[in-house]
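Peer 1: As given, the protein sequences belong to chains A and B, one line each in that order. The first sequence begins at 1 in my numbering and counts up by one. The second sequence begins at 1 in my numbering and counts up by one.
Please keep in mind that the hints were generated in silico from the structure rather than gathered at the bench. Don't take each hint at face value.
Which stretches of chain A does chain B cover? Using the computed rule of at least three CB atoms under 8 Å from a CB of chain B, they are [said to hold, decoys possible]:
1) 51-61
2) 100-110
3) 164-171
The model shown is predicted, which means the values in this text are computed figures rather than measured ones. Ideal Cβ positions, reconstructed from N, Cα and C, are used throughout, including at glycine.
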Amino acid sequence: MKIEVRELTKRYGPQLAVDNISFTVNTGEIVGFLGPNGAGKTTTMKIITNFIAPTSGDVLIDGTSIREQPNEIKRHIGYLPENNPLYNDMPVIDYLRFVGDLLNLDNLTGRIKDVIEKVGLYDEKHKKIGELSKGYKQRVGLAQAIIHDPEILILDEPTSGLDPNQIVEIRKLIRELGKEKTVILSTHILPEVEAITDRILIINKGKIVADGTAESLKTQASENEILIVEIEGGTPSEILSKLNELPTVGKVDIMSREGNKFEVTSRPGLSSRKDIFTLCVNNNWFLTQLTPVERKLEDIFRQLTLN
Amino acid sequence: MKTIWIIAKKELATYFDSLIAYVLIILFLGFSGFFTWLYGTDIFLIGQADLRPFFNVAYWTLFFFIPALTMRSVSEEKSSGTIELLLTKPVTDWQLVLGKYLANIIVIFIALALTAPYVITLANIGNLDAGATLLGYTGLLFMSSAYIGIGIYASSITKNQIVAFLTALFIGLFFHIIFSVFANNMSGGLAEMFSYLDMSTHFNSISRGVLDTKDVFYFASLTFLGLYFSVLTLSKRNLN
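Chain A on its own, in the form it takes in the complex:
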């Protein structure tokens, strides 16, 4: 199912939590919501899942506004809220039965069995939720979100507070679930969005500041190609001046004189790799290093959200 967010605004008193954002998530896409704390990720998710009403704007699920038929649309959405709230004094299986009853599911016993197997809660199913470890609680939270096999999954920080092993397991689970569902997940763990999602939306102060795949964001943020070049066989000043003469090269900085190591910034939109190589061949130098500097998602994130 397709999610269309249109000019969504949410105001809490004088504070603008979500400021006129629009985006579309296509069927089968896994989208990562990225942003500092308080950027408006959770608020947006709460509006999509119909927990709170927006101040203005609308959310369309497959063309239907969430305000028109909330109860019908809620059946197609699985939601894991922030901090994974659960009834701690309920046994896992009773809790899943309760959720299934609320969703009015057919063949509930079968569904519960499936879902318990899928998230790996088999040995814990009769324990009270409060007795489970954080990782298992997260599985219960996921289980209630997928028990009705929803087309859309909204996961608010699904891996927060888990240890590295649990994080890997939960990610694996999400990736598996994401194969057949439309997923929006929020996080501020950057490698996570790169690992799981197809597309990244960076939100800051209620606005979308970036939208694209991890790759496209990286190239977008670093318009100019940056290369680390190490050349042997010539004097540093000679190499420097020849490099500067190349038509595709914008700027050359010397990184260290000893190894003849330079940082070469190409002109916008151009790549100077080929020119550098030919230059070396023509002068009988040899190239010991030619490494593109990749901008990390962290840098992009900091650049977009620190202002």
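Could you slot chain B onto chain A? The hints should help.
Peer 2: Below, chain B alone, put in the same frame as chain A:
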């Protein structure tokens, strides 16, 4: 309707799993039994086969018992965040509040049903007026319904259960005593108004054996207002 029942069932399971219901029912039976049979103006002092002493005691024990029962109903969902889970399922605010109400009134009903031995005992000792007894119980149930409404409202305005308990008692106190004090100290229209607002006026008129629509309307509207304001408080999350 089905959704309301699912929520009520879950709520009842929580009450009985966590011993809240047992403790409160035992306290209720203990207190009301003690004052009905053993101490003060008990049945033996009056010397009539009449459950009036029990109704008068229960009128007070329920007043304390109900806020203790209702205090967690919404506030716990709010503080743990589970309210978000519920309301993002196909559940409306009204269904949630009505489910809570239903569970609470069932607990009260069970507590009152457990005093059936009182009725049986009295019916064996003397000539018990069946109609008056039934209406006495009806009056208690109506009163409980009103206080459950107030209790759920108090629970919906806070995340803190103690605050919810005290707020419910505070609001209840007006209907239980303060309005009657006002009514006694004023005259004319004001006195009449406060006397109408006073719960004991209506409770006494029912437990004396007259089921007037006026009294039914009073309890029904108090219950409704309590639940209505609970829903209103819940829907505040949608405001700006």
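Peer 1: For this structure, which hints from the list above don't hold up?
Peer 2: Per hint list: single violation, 3.
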